[in-house]
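Q: Chain residues, written in single-letter form:
Protein chains: 6
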Amino acid sequence: MKRDIGRRLLMKIIGQEYFTCRDASTNSFNQDLRRLSEEYCFGEIWSRPGLPPSTRSLLCIGMLAALGKTSELRLHVGGALNNGCSVDEIKEILLQATIYCGLPTGVEATRIAEEVLKERGITFDAVAVPQGA
Amino acid sequence: MKRDIGRRLLMKIIGQEYFTCRDASTNSFNQDLRRLSEEYCFGEIWSRPGLPPSTRSLLCIGMLAALGKTSELRLHVGGALNNGCSVDEIKEILLQATIYCGLPTGVEATRIAEEVLKERGITFDAVAVPQGA
Amino acid sequence: MKRDIGRRLLMKIIGQEYFTCRDASTNSFNQDLRRLSEEYCFGEIWSRPGLPPSTRSLLCIGMLAALGKTSELRLHVGGALNNGCSVDEIKEILLQATIYCGLPTGVEATRIAEEVLKERGITFDAVAVPQGA
Amino acid sequence: MKRDIGRRLLMKIIGQEYFTCRDASTNSFNQDLRRLSEEYCFGEIWSRPGLPPSTRSLLCIGMLAALGKTSELRLHVGGALNNGCSVDEIKEILLQATIYCGLPTGVEATRIAEEVLKERGITFDAVAVPQGA
Amino acid sequence: MKRDIGRRLLMKIIGQEYFTCRDASTNSFNQDLRRLSEEYCFGEIWSRPGLPPSTRSLLCIGMLAALGKTSELRLHVGGALNNGCSVDEIKEILLQATIYCGLPTGVEATRIAEEVLKERGITFDAVAVPQGA
Amino acid sequence: MKRDIGRRLLMKIIGQEYFTCRDASTNSFNQDLRRLSEEYCFGEIWSRPGLPPSTRSLLCIGMLAALGKTSELRLHVGGALNNGCSVDEIKEILLQATIYCGLPTGVEATRIAEEVLKERGITFDAVAVPQGA
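Protein chains in written order, with UniProt numbering: chain V, 1 to 133; chain A, 1 to 133; chain C, 1 to 133; chain B, 1 to 133; chain X, 1 to 133; chain H, 1 to 133.
Isolated chain V (complex conformation) (with noise of 0.2 Å):
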């Protein structure tokens, strides 16, 4: 039961499509890996009420480019847009990490959550930057 009920947290968060792959690609090798994740992960924690999935999404964001996991943060920037945070909010946290874990880690994860965000279809305005440097 723990089991179904991280499925369906992480097909929220990883979209249907790349959870389909996901199962596809299930082998002897990393089912027991994919099981602890779907359990532990998501049946256990994701599902626990005391955070909604949307904080749950902003932290994981913090924690993931503090780690400097980078696969991982570009699958939780699409799934903090699927909890519903804003694009604003996963700005902000990541200016926050930058001061933080240090501007290397801000100028990373920036670019990444700007590349996840250009694929969903999401457009930025250019900014004109100051004259004379």
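The set of hints was computed from the structure by calculation and includes no laboratory data. C-beta: ideal position from N, C-alpha, C; glycine also. The reader is advised that the hints may include incorrect statements.
To be verified - For each label pair, taking beta carbons as the anchor points, the in silico distance ranges come out as:
#, chain 1, residue 1, chain 2, residue 2, range
1, C, Pro49, B, Ala128, 17 to 25 Å
2, X, Ile122, B, Glu17, 38 to 46 Å
3, V, Ser54, C, Lys2, 56 to 64 Å
4, B, Pro52, H, Thr123, 16 to 24 Å
5, A, Lys12, V, Ser54, 39 to 47 Å
6, X, Asp125, B, Gly15, 53 to 61 Å
7, H, Asp4, X, Ala128, 26 to 34 Å
8, B, Ala128, V, Glu17, 17 to 25 Å
9, V, Ser86, A, Lys12, 22 to 30 Å
10, B, Gly84, C, Val129, 35 to 43 Å
11, X, Thr20, B, Arg111, 35 to 43 Å
12, V, Glu17, C, Gly15, 48 to 56 Å
13, C, Glu17, B, Pro52, 29 to 37 Å
Fit chains A, C, B, X and H to the supplied structure of chain V, relying on the hints for placement.
A: Chains A, C, B, X and H alone, transformed into the frame defined by chain V:
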């Protein structure tokens, strides 16, 4: 102006007493770091309206746990309470950090948080553990 | 059932005395983390037959040194002895960690291991160092 | 002499083909690093009798996963097979790394290991996942 | 004013071409991070007279290697040359990073540095390796 | 011979008193690590002429701050002074580390450096902070 805003936000987080001590110990070696902290971390980032201070506090706890910065984590657990977070929310962040950063991180951060909360006079009911192990 | 198996494996590693203290200090703040640790870390993973506990202990020492998790490392040096590892094997792990994680990591982990071993009553012969330096 | 011993151990790990390429690309910029690696890492440490190469390989996988060093991890998954480790043992290390270093680490390391194993012609049976999620 | 100083220092490090691209891609998502970088990193810190830019570049290479921030490291290897560091000095930093951060870090950073230097048209003499291994 | 050179460089860094204690505490558990440190870290790398010891000291401070290795950082702040670095240069490294590694790193490293400098009898003038915050 940015520095004054920052100093007020910092004082809310670390408390009046610690803030006064900090000012008394500012000297020619650490003054630039402290000014930068007040201007950039608190004056620039913490003051931004895109996330409320309570969310910024929860995010700090997550990132500091991920980074293993235990002294700062200690400060921010208290800061989270000052910014209106509940004990339950703090507990939830630490459980999520356990999954994403590993059990040793979760154990270390939970121990630190428990110490801070007890220093604040918060008590926790003892819990019986399973028999027969 | 998984939790009971986990609790027995954990007790073997941390010792009867420490295990009893841990149970006595379980409370409403830390109980979920502790239950997860017993179920998932020890009940699910440590119990798997694919690697013997002695190898899992050596692996823990290596990973905890790499992660810089000194409190957990302290526990697992003792746990390695409880699981049948020799002092020599522990020394070898730390030398390999020195190369792969850097000299500061190796120095810190070796100091911690030496403290734990001495607390266990294990003594080491003094060694003369080269003259003339 | 230590360097020759080291070079032979390194060749066993990375394979004859990769070893020859490496020698061909040694130049005035990277020669000191490569010599140190051959003398210090392989000649001094890997040759020590206190742990067999198979155990050293499993330890490397664990530490490299913990450190997030994905290129080196890729090399050492192949090296573990060359040193007599089984696919099952590699899988077990990665599951333990998941608990101790966090799920993102476990996912990243398992993906890399799976790629290496497939490049070696090792196949894995597909596994059906639970219905209804 | 601080921002202009910062932009000039940044341009010296990343080069005119990359700097112009960067300005062209500044948008509503990344503008705050970029402004902070120009003001805080370059305008405030890099401009300080206590260390010359060449020393700051060598320090960046060491810290970015330690942090595993490979994209930023790539930028700063080029920046070091722009700030007057020699290829030899860059090589020395990487050898010291190998000892202090571990061999995988040294190998990864050296590979990145070699790529950047070759893109700059710097060539290295091939070196013969010991026979008989 | 490399080991003797290394031991002399190490003694310059950690001081005569600490060096003598270290020799007195060398035993069968830690002797290999210490020998490796003397041969490879100091004998091979620190002795290389490509960077002067003062620059190597500044680099160590930056990397150890990045890695969070506080015990080693403590040693190398003193070592930097022994190798001719100024207090001002040490302060500059720590400010740059704050930007590149994050504010918690900068705060922790600055606190440690301040302790070491005070133990050395170096005093710092108190600095008045802005009124009204």
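Q: Indicate, hint by hint, whether the structure satisfies it.
A: Results of checking the hints against the structure:
1. Pro49/C / Ala128/B: 17 to 25 Å: holds, 23 Å
2. Ile122/X / Glu17/B: 38 to 46 Å: violated, 28 Å
3. Ser54/V / Lys2/C: 56 to 64 Å: Violated: the Cβ-Cβ distance is about 31 Å, outside 56 to 64 Å.
4. Pro52/B / Thr123/H: 16 to 24 Å: violated, 56 Å
5. Lys12/A / Ser54/V: 39 to 47 Å: violated, 25 Å
6. Asp125/X / Gly15/B: 53 to 61 Å: For Gly15/B against Asp125/X, whose Cβ atoms are near 26 Å apart, the range 53 to 61 Å is violated.
7. Asp4/H / Ala128/X: 26 to 34 Å: holds, 30 Å
8. Ala128/B / Glu17/V: 17 to 25 Å: For Glu17/V against Ala128/B, whose Cβ atoms are near 20 Å apart, the range 17 to 25 Å holds.
9. Ser86/V / Lys12/A: 22 to 30 Å: For Ser86/V and Lys12/A the Cβ distance comes to about 25 Å; the hint holds.
10. Gly84/B / Val129/C: 35 to 43 Å: holds, 38 Å
11. Thr20/X / Arg111/B: 35 to 43 Å: The hint (35 to 43 Å, Cβ to Cβ) holds, given that Thr20/X and Arg111/B are roughly 37 Å apart.
12. Glu17/V / Gly15/C: 48 to 56 Å: Distance hint for Glu17/V, Gly15/C holds at roughly 50 Å.
13. Glu17/C / Pro52/B: 29 to 37 Å: holds, 34 Å
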